[in-house]
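Novice: Chains as they are written, first to last, in the working numbering: chain X, 551 to 679; chain R, 639 to 748.
Worth flagging that the hints you see were computed from the coordinates, not collected in a lab.
Certain hints may be false.
With a cut-off of at most 27 Å between alpha-carbon atoms, the simulated DSSO-like pairs for lysine-lysine come out as follows [said to hold, decoys possible]:
| hint | chain 1 | residue 1 | chain 2 | residue 2 |
| --- | --- | --- | --- | --- |
| 1 | X | Lys-615 | X | Lys-626 |
| 2 | X | Lys-593 | R | Lys-681 |
| 3 | R | Lys-716 | X | Lys-593 |
| 4 | X | Lys-615 | R | Lys-748 |
| 5 | X | Lys-608 | X | Lys-626 |
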Amino acid sequence: EVQLLESGGGLAQPGKSLRLSCAASGFTFRTYAMSWVRQAPGKGLEWVSTISAPGDLKYYADSVKGRFSTSRDNSKNTVFLQMDSLRADDAAVYYCVKGGTLFGAPNGEPIAHFPFDPWGQGARVSISS
Amino acid sequence: IVLTQSPLSLPVIPGEAASIHCRSSQSLLHSNGYNYLDWYLQKPGQSPQLLIWLGSSRASGVPDRFSGNGSGTDFTLKISRVEAEDVGVYYCMQALQTLTFGGGTRVEIK
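Take the sequences, apply the hints, and build the full model.
Specialist: Right under this line is the structure:
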């Protein structure tokens with residue numbers, strides 16, 4: 551059974567940092583792209599980032615570009631989301647998901663699409679001074 | 639790319655059919671023939687789950703009462719016979735460009 555277990559959520563002050571981790575099991579982690587999707591309280595879904603299987607390709611939503619970074623350790627079946635310069639509107643449940651879409655350069659067209667399946671249970675991030 | 643879902647809320651009677659629509663601001667049909675449009679369901683209190691990918695491919699374990707169709711800019715998720723367990727918020731998502739989700743359609747039992 552595929553399992554994704556997020557950790558590292560919590561309360562952070564504006565401008566501070568948090569690091570989310572997602573431990574994966576039940577599949578060959580090193581062969582799959584991984585993504586993060588967030589959901590602000592009472593709101594819809596927002597894609598945050600995707601990292602390719604080997605970790606050489608990384609994509610970010612404009613809303614987090616330059617502040618968030620994703621990485622992975624294929625030896626430990628874990629993907630990370632480093633969140634810096636946190637803002638009030640970053641408050642959300644952050645879901646780790648297996649899958650993602652990879653885009654080619656320079657035309658930016660999709661070169662591979664792996665739908666989001668499954669999703670982790672989510673890590674809650676709150677922002678308050 | 640902006641995805642607009644309709645209706646926002648959909649009261650349904652168990653056993654009856656239901657349809658949810660997703661309109662894209664740009665065509666999602668790639669030159670490879672695939673529509674880069676997925677459907678997800680978030681049941682109350684749960685994480686989202688995949689229903690349909692690339693427009694019409696049903697995910698593993700998804701009941702065959704769920705089907706996806708459409709092409710280009712207009713897509714529909716159909717539930718042939720709604721069951722009580724189908725309540726929740728349905729989202730479409732496009733993957734042709736920077737990923738975006740529709741605003742969601744809440745399905746509830748009438």
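Novice: Are the hints correct? Go through all of them and say.
Specialist: Structure-based check of each hint:
Taken as a hint, the X/Lys-615 and X/Lys-626 pair is honoured in the structure, with Cα atoms around 26 Å apart against an allowance of 27 Å. Between X/Lys-593 and R/Lys-681 the CA atoms are separated by roughly 14 Å; this keeps the pair inside 27 Å, and the hint holds. Between the alpha carbons of R/Lys-716 and X/Lys-593 the distance comes to roughly 24 Å, so the proposed pair stays at or under 27 Å and holds. For the hint pairing X/Lys-615 with R/Lys-748, the CA-to-CA distance comes to about 43 Å; that exceeds 27 Å, so the pair is violated.
A hinted pair counts as satisfied when its Cα atoms are at most 27 Å apart, and X/Lys-608 with X/Lys-626 qualifies at roughly 19 Å.
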